[in-house]
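Asks: What follows is each chain in one-letter form.
Number of protein chains: 2
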Amino acid sequence: MKLVKNALGREVPAEVNGRKALPFKGIGKHKPSGRKVGPPIPTGAAYTSSKVQQDLDTMLDTMDLHDGMTISFHHHLRNGDYLVNMVVDKLAERGLKKLVLAPSALFPVHEPLVQHIKEGTVSHVLGSMNGPVGRLCTVGGMDSMAVLRSHGGRYRAIQDGDLHIDAAFIAAPTADVHGNANGVHGPSACGPLGFALADSLYADQVAVVTDNLVPFPTFPWAIEGGNVDFVTTVDKLGDPEKIVSGTTKVTTNEDRLKIASWAAQLVRDSGLIEEPEFSFQAGAGGMSLAFIQYIAQYMREKKVVADFARGGSTKILVDMLKEGLTKFILDGQSFDLAGVESLRDNWNHIETNPFVSYNYHTKGCFAPRVKASVLGGTEVDLNFNVNVNTHSDGWLLHGIGGFQDAADAYMTIITVPLYRKTNPIVVDRVHTITAPGEVIDAIVTDHGVAINPKRQDLLHRLKNSDLPLVSIEELHEKAISITGKPEKPQTKDDVIAVIEWRDGTIIDSVKQLVVEED
Amino acid sequence: MKLVKNALGREVPAEVNGRKALPFKGIGKHKPSGRKVGPPIPTGAAYTSSKVQQDLDTMLDTMDLHDGMTISFHHHLRNGDYLVNMVVDKLAERGLKKLVLAPSALFPVHEPLVQHIKEGTVSHVLGSMNGPVGRLCTVGGMDSMAVLRSHGGRYRAIQDGDLHIDAAFIAAPTADVHGNANGVHGPSACGPLGFALADSLYADQVAVVTDNLVPFPTFPWAIEGGNVDFVTTVDKLGDPEKIVSGTTKVTTNEDRLKIASWAAQLVRDSGLIEEPEFSFQAGAGGMSLAFIQYIAQYMREKKVVADFARGGSTKILVDMLKEGLTKFILDGQSFDLAGVESLRDNWNHIETNPFVSYNYHTKGCFAPRVKASVLGGTEVDLNFNVNVNTHSDGWLLHGIGGFQDAADAYMTIITVPLYRKTNPIVVDRVHTITAPGEVIDAIVTDHGVAINPKRQDLLHRLKNSDLPLVSIEELHEKAISITGKPEKPQTKDDVIAVIEWRDGTIIDSVKQLVVEED
Numbered sequence: 091m092k093l094v095k096n097a098l099g100r101e102v103p104a105e106v107n108g109r110k111a112l113p114f115k116g117i118g119k120h121k122p123s124g125r126k127v128g129p130p131i132p133t134g135a136a137y138t139s140s141k142v143q144q145d146l147d148t149m150l151d152t153m154d155l156h157d158g159m160t161i162s163f164h165h166h167l168r169n170g171d172y173l174v175n176m177v178v179d180k181l182a183e184r185g186l187k188k189l190v191l192a193p194s195a196l197f198p199v200h201e202p203l204v205q206h207i208k209e210g211t212v213s214h215v216l217g218s219m220n221g222p223v224g225r226l227c228t229v230g231g232m233d234s235m236a237v238l239r240s241h242g243g244r245y246r247a248i249q250d251g252d253l254h255i256d257a258a259f260i261a262a263p264t265a266d267v268h269g270n271a272n273g274v275h276g277p278s279a280c281g282p283l284g285f286a287l288a289d290s291l292y293a294d295q296v297a298v299v300t301d302n303l304v305p306f307p308t309f310p311w312a313i314e315g316g317n318v319d320f321v322t323t324v325d326k327l328g329d330p331e332k333i334v335s336g337t338t339k340v341t342t343n344e345d346r347l348k349i350a351s352w353a354a355q356l357v358r359d360s361g362l363i364e365e366p367e368f369s370f371q372a373g374a375g376g377m378s379l380a381f382i383q384y385i386a387q388y389m390r391e392k393k394v395v396a397d398f399a400r401g402g403s404t405k406i407l408v409d410m411l412k413e414g415l416t417k418f419i420l421d422g423q424s425f426d427l428a429g430v431e432s433l434r435d436n437w438n439h440i441e442t443n444p445f446v447s448y449n450y451h452t453k454g455c456f457a458p459r460v461k462a463s464v465l466g467g468t469e470v471d472l473n474f475n476v477n478v479n480t481h482s483d484g485w486l487l488h489g490i491g492g493f494q495d496a497a498d499a500y501m502t503i504i505t506v507p508l509y510r511k512t513n514p515i516v517v518d519r520v521h522t523i524t525a526p527g528e529v530i531d532a533i534v535t536d537h538g539v540a541i542n543p544k545r546q547d548l549l550h551r552l553k554n555s556d557l558p559l560v561s562i563e564e565l566h567e568k569a570i571s572i573t574g575k576p577e578k579p580q581t582k583d584d585v586i587a588v589i590e591w592r593d594g595t596i597i598d599s600v601k602q603l604v605v606e607e608d
Numbered sequence: 091m092k093l094v095k096n097a098l099g100r101e102v103p104a105e106v107n108g109r110k111a112l113p114f115k116g117i118g119k120h121k122p123s124g125r126k127v128g129p130p131i132p133t134g135a136a137y138t139s140s141k142v143q144q145d146l147d148t149m150l151d152t153m154d155l156h157d158g159m160t161i162s163f164h165h166h167l168r169n170g171d172y173l174v175n176m177v178v179d180k181l182a183e184r185g186l187k188k189l190v191l192a193p194s195a196l197f198p199v200h201e202p203l204v205q206h207i208k209e210g211t212v213s214h215v216l217g218s219m220n221g222p223v224g225r226l227c228t229v230g231g232m233d234s235m236a237v238l239r240s241h242g243g244r245y246r247a248i249q250d251g252d253l254h255i256d257a258a259f260i261a262a263p264t265a266d267v268h269g270n271a272n273g274v275h276g277p278s279a280c281g282p283l284g285f286a287l288a289d290s291l292y293a294d295q296v297a298v299v300t301d302n303l304v305p306f307p308t309f310p311w312a313i314e315g316g317n318v319d320f321v322t323t324v325d326k327l328g329d330p331e332k333i334v335s336g337t338t339k340v341t342t343n344e345d346r347l348k349i350a351s352w353a354a355q356l357v358r359d360s361g362l363i364e365e366p367e368f369s370f371q372a373g374a375g376g377m378s379l380a381f382i383q384y385i386a387q388y389m390r391e392k393k394v395v396a397d398f399a400r401g402g403s404t405k406i407l408v409d410m411l412k413e414g415l416t417k418f419i420l421d422g423q424s425f426d427l428a429g430v431e432s433l434r435d436n437w438n439h440i441e442t443n444p445f446v447s448y449n450y451h452t453k454g455c456f457a458p459r460v461k462a463s464v465l466g467g468t469e470v471d472l473n474f475n476v477n478v479n480t481h482s483d484g485w486l487l488h489g490i491g492g493f494q495d496a497a498d499a500y501m502t503i504i505t506v507p508l509y510r511k512t513n514p515i516v517v518d519r520v521h522t523i524t525a526p527g528e529v530i531d532a533i534v535t536d537h538g539v540a541i542n543p544k545r546q547d548l549l550h551r552l553k554n555s556d557l558p559l560v561s562i563e564e565l566h567e568k569a570i571s572i573t574g575k576p577e578k579p580q581t582k583d584d585v586i587a588v589i590e591w592r593d594g595t596i597i598d599s600v601k602q603l604v605v606e607e608d
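So the sequence lines, in the order shown, correspond to chains S and F. Per the numbering used here, the first sequence runs over residues 91 to 608. Per the numbering used here, the second sequence runs over residues 91 to 608.
The shape of chain S in the complex, shown without the other chains (with noise of 0.2 Å):
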């Protein structure tokens, strides 16, 4: 396999899968050629008889199904879903083979595709692999090469029509007769549906999966019946109690209370919070939710109301919204219930979708709108680069997420413990690029906060804070003094995973663990 240095020094191939890949070669330097894709005409005389299927068998003999097909699902259910091994089941006992999964993400739930990627019924993943199924592939377990993109990353990928998708197969808490589709009614409501539009757009057949069929018309339309071919009907989409959690919660662990009020703080004292068009955005993790409450606070004490607040949402974002500290929620995923009831009920909660959020093959997407973006990672290194992907020890058990269209607010901050066991977590070069140094402006750990020195400005503005301000190769130096160096993890020179800009372009790869034998 042939490999090229991209612009961060990282060894990528010059071909994925038999396409020609194009390594990275910095923010925004990549221009895009060519056309976005054209899908085949349809013509309503097609459409005159019912979408409705009467079971998920049904609808599969309907449609064109063949060995090597690409085949795509969403994670709007998390480790709730139960329609990616319904469908693969029996796309595996109709005995098709090297299909492609083109799932926004999987999760722990999906861990029985391991058996069909064993078996040659799926021949690899391109998408995100939270779990077993990434666990195999770090291991060499698939034909070919997983390709990750963020969320705006897919978008593009499939409008730019690098990634072909040949049946989409969209979860809908509800769906009309008619395709539309939405997710905050019905027993599996889980908040926005955005995940799964580019794919209803573009795909060559478009199937919806409810488990709440309603009559013409459902709204909102996440998804728009005219894009739809087939709609069919299961008992259950998924187990409600994984969807969307009861109550997301807080962090009380004191050291990421710390690094979550120092965060906070970062974006106080910088002043953003006091300027014009002030908006936020933070998971739903627990020391996220802890920044949530701290900004609030200080959102209070200086008597000032956000623009937006972008979700993940969580009750606590929608508290902050009915009290009038945020004008909107622009809500990408639903986190919690009142999240996914503030969605349905509050015309200020918006809800989002790539395409929108964070699309860089757009005329702008809203990311860049965001003044302060606070993130998590597995590792940052001393060129500030951030790995969501790899754990220390080399394994591929994240997806990349919104990372990197998040990573393009005005201030990213990424907030982190200085280690995590023997691991630190500042190291001298992480494993996975998954963003570059060039966007991300500050990290804050336990043990102090490094602002990225190419943000002079950022500096400048903390001139006055009283924050542990520190370099990054302090905290380097005081991870490593703690935790002592580690070992970096073993590799093959077999690329397994290449991890995509979100313009498209390959900033890193991620090679062969080598592992015991069991």
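Each hint should be verified, as a subset may be incorrect.
To give an idea of the interface, some chain F residues facing chain S are shown, with a C-beta separation under 10 Å as derived from the structure [stated by the list, open to error]:
#: 1; residue: E367
#: 2; residue: Q383
#: 3; residue: Q387
#: 4; residue: V446
#: 5; residue: A457
#: 6; residue: E564
When the alpha-carbon atoms are kept at most 20 Å apart in a straight line, the in silico DMTMM-like pairs for lysine to aspartate or glutamate are as follows [what the hints assert, rightly or not]:
#: 7; chain 1: F; residue 1: K121; chain 2: S; residue 2: D294
#: 8; chain 1: S; residue 1: K417; chain 2: F; residue 2: D435
#: 9; chain 1: F; residue 1: K412; chain 2: S; residue 2: D294
Footprint (simulated), chain S over chain F, 3 or more residues, beta carbon under 8 Å [what the hints assert, rightly or not]:
#: 10; region: 200-208
#: 11; region: 308-322
#: 12; region: 521-535
FYI, nobody ran anything at the bench for these hints, they're computed from the structure. Note that the Cβ used here is the ideal one computed from N, Cα and C, for glycine as well.
Once you have looked at the hints, place chain F on chain S.
Replies: This is chain F only, laid out in the frame that chain S set:
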């Protein structure tokens, strides 16, 4: 010019403005091939500075403008629109020539275009022309052939690549700095902006012009900023009193009330209103409003609720929604203030666009889900063909609007007086076919109701009705007996406009009218 006969026996050009044209083949007979347009792939790297241009002139300085380019506008501001004249005046000042205008529709307020056409700034119009520009077209005043399309047909043409737009100018009653736009807020609020959706997706340059620029985000996003290149402001987009009526008025004319009541009775007596999935569509004209009032009364008597009512919304339709007589309004344009306010404030009043409602080249639009569609016309003939474009005297004064699309309903009812002044309305042969008799199910006049004999099922449904059912021939004879047989308009051989069917084939030609010299 080579003319060919289409499936209705009408002579239509084999080529329109240098492009091959297909003759109409019958409903559902034309099978499209090829792919939808794939617009050029943009990159966020080119949109890092503000899209907001200081004023219209600055924006025009920034845009790529050239002779012969196609520019588009939309008619959601109706006869109150200022934008078309403002922009075309400025382009004329800049000396641009041979511009092709692709408006969704023009209105009498756009009379200044007549001069721009005569002076060569504008070459011809690919769109609907209500009033003076249509008059100019009728006497051969344009360089090339006009092409008239329905609302759904226009979306289809843009999507399918038959109508390429170099620059779209979208009048936005509210827009944010990102280019997101809607029509429900601001001093020029008009309701939906759906007529501009296709342009925003497929035009090379997309310019949003507003008189209510707000911070990001405004919501809803009828137009998404990710598709928008430029945003600018003007003092006033239009005359609010002409954008929407203060109130829309029910007819008080006795003959028209009779027609409306018979149309409603037809829907009742057919049994449709008592069947599941009942829905209806009627416009904002005085007779349509009367129909809605009658049907509402029948629904109260039968204690039924419509699954949806299709707008053009008006206070009368909004009152039905509030009363619970319909679950939803699906609204393509709001005709009065009550319509706009309801669209803004009521979750069950849903904004639609021609993709979801009317585009035949989708995997199904919702037009065929409407059970009863009540439409007007300028003429109908013995074959149930309907003309809505030309008057009996041959003048091309009206666009197609949604006529062809709405005629896809289960029961399409044409409400027309038997004659107007000295003109019979039920004629032997319409001057122009806008929609073929194949899709027209009933003609309701003040002298009786004719059911299309192809709809034996409808006749069966009506066997116990006391409606004055007559044949179309009887209606024609009655009309002639009152008005006498009128002279047909005299035309030259030159085709000045073609009427496209919603699938892109040519259903009829409009020939240049012979008129006495002024």
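Asks: Just to be careful: measuring from the Cβ of V446 (chain F) to every Cβ in chain S, is the smallest value less than 10 Å?
Replies: Interface hint status for V446 (chain F): holds (6 Å vs cutoff 10 Å).
Asks: Quick check on the hint: Q383 (chain F) CB to chain S CB, less than 10 Å?
Replies: violated, 24 Å
Asks: With chain S as the partner, please determine if E564 (chain F) meets the hint condition of a C-beta pair closer than 10 Å.
Replies: violated, 33 Å
Asks: Would you say the region 200-208 of chain F counts as covered by chain S, given the rule of at least 3 residues with C-beta under 8 Å?
Replies: violated (count 0)
Asks: For the region 521-535 of chain F, do at least 3 residues have a Cβ located nearer than 8 Å to some Cβ of chain S?
Replies: violated (count 0)
Asks: For a C-alpha distance cap of 20 Å, please report whether K412 (chain F) and D294 (chain S) respect it.
Replies: Answer violated: K412 (chain F) to D294 (chain S) is near 41 Å, above 20 Å.
Asks: Is it true that the CA of K121 (chain F) sits at most 20 Å from the CA of D294 (chain S)?
Replies: Given pair K121 (chain F), D294 (chain S) holds - Cα atoms ~17 Å apart, limit 20 Å.
Asks: Interface hint check: Q387 (chain F), Cβ to nearest Cβ on chain S, cutoff 10 Å. Holds or violated?
Replies: Since the shortest Cβ distance to chain S is 24 Å, the answer is violated.
Asks: Measure nothing beyond the straight line between the CA atoms of K417 (chain S) and D435 (chain F); if it is 20 Å or shorter, mark the hint as holding.
Replies: At roughly 17 Å apart (the allowed maximum being 20 Å), D435 (chain F) and K417 (chain S) satisfy the hint.
Asks: Does A457 (chain F) pass the interface hint, meaning its C-beta sits closer than 10 Å to a C-beta of chain S?
Replies: Because about 8 Å separates A457 (chain F) from the closest Cβ in chain S, which is inside the 10 Å limit, the hint holds.
Asks: Return the status of the interface hint for E367 (chain F): holds when the least beta-carbon distance to chain S is below 10 Å, violated otherwise.
Replies: Nearest chain S Cβ about 6 Å off; hint holds.
Asks: Mind checking, does the region 308-322 of chain F have 3 or more residues with a CB under 8 Å from chain S?
Replies: holds (count 8)
Comparing the model with each earlier hint shows violations of hints 2, 3, 6, 9, 10 and 12; every other hint is respected.
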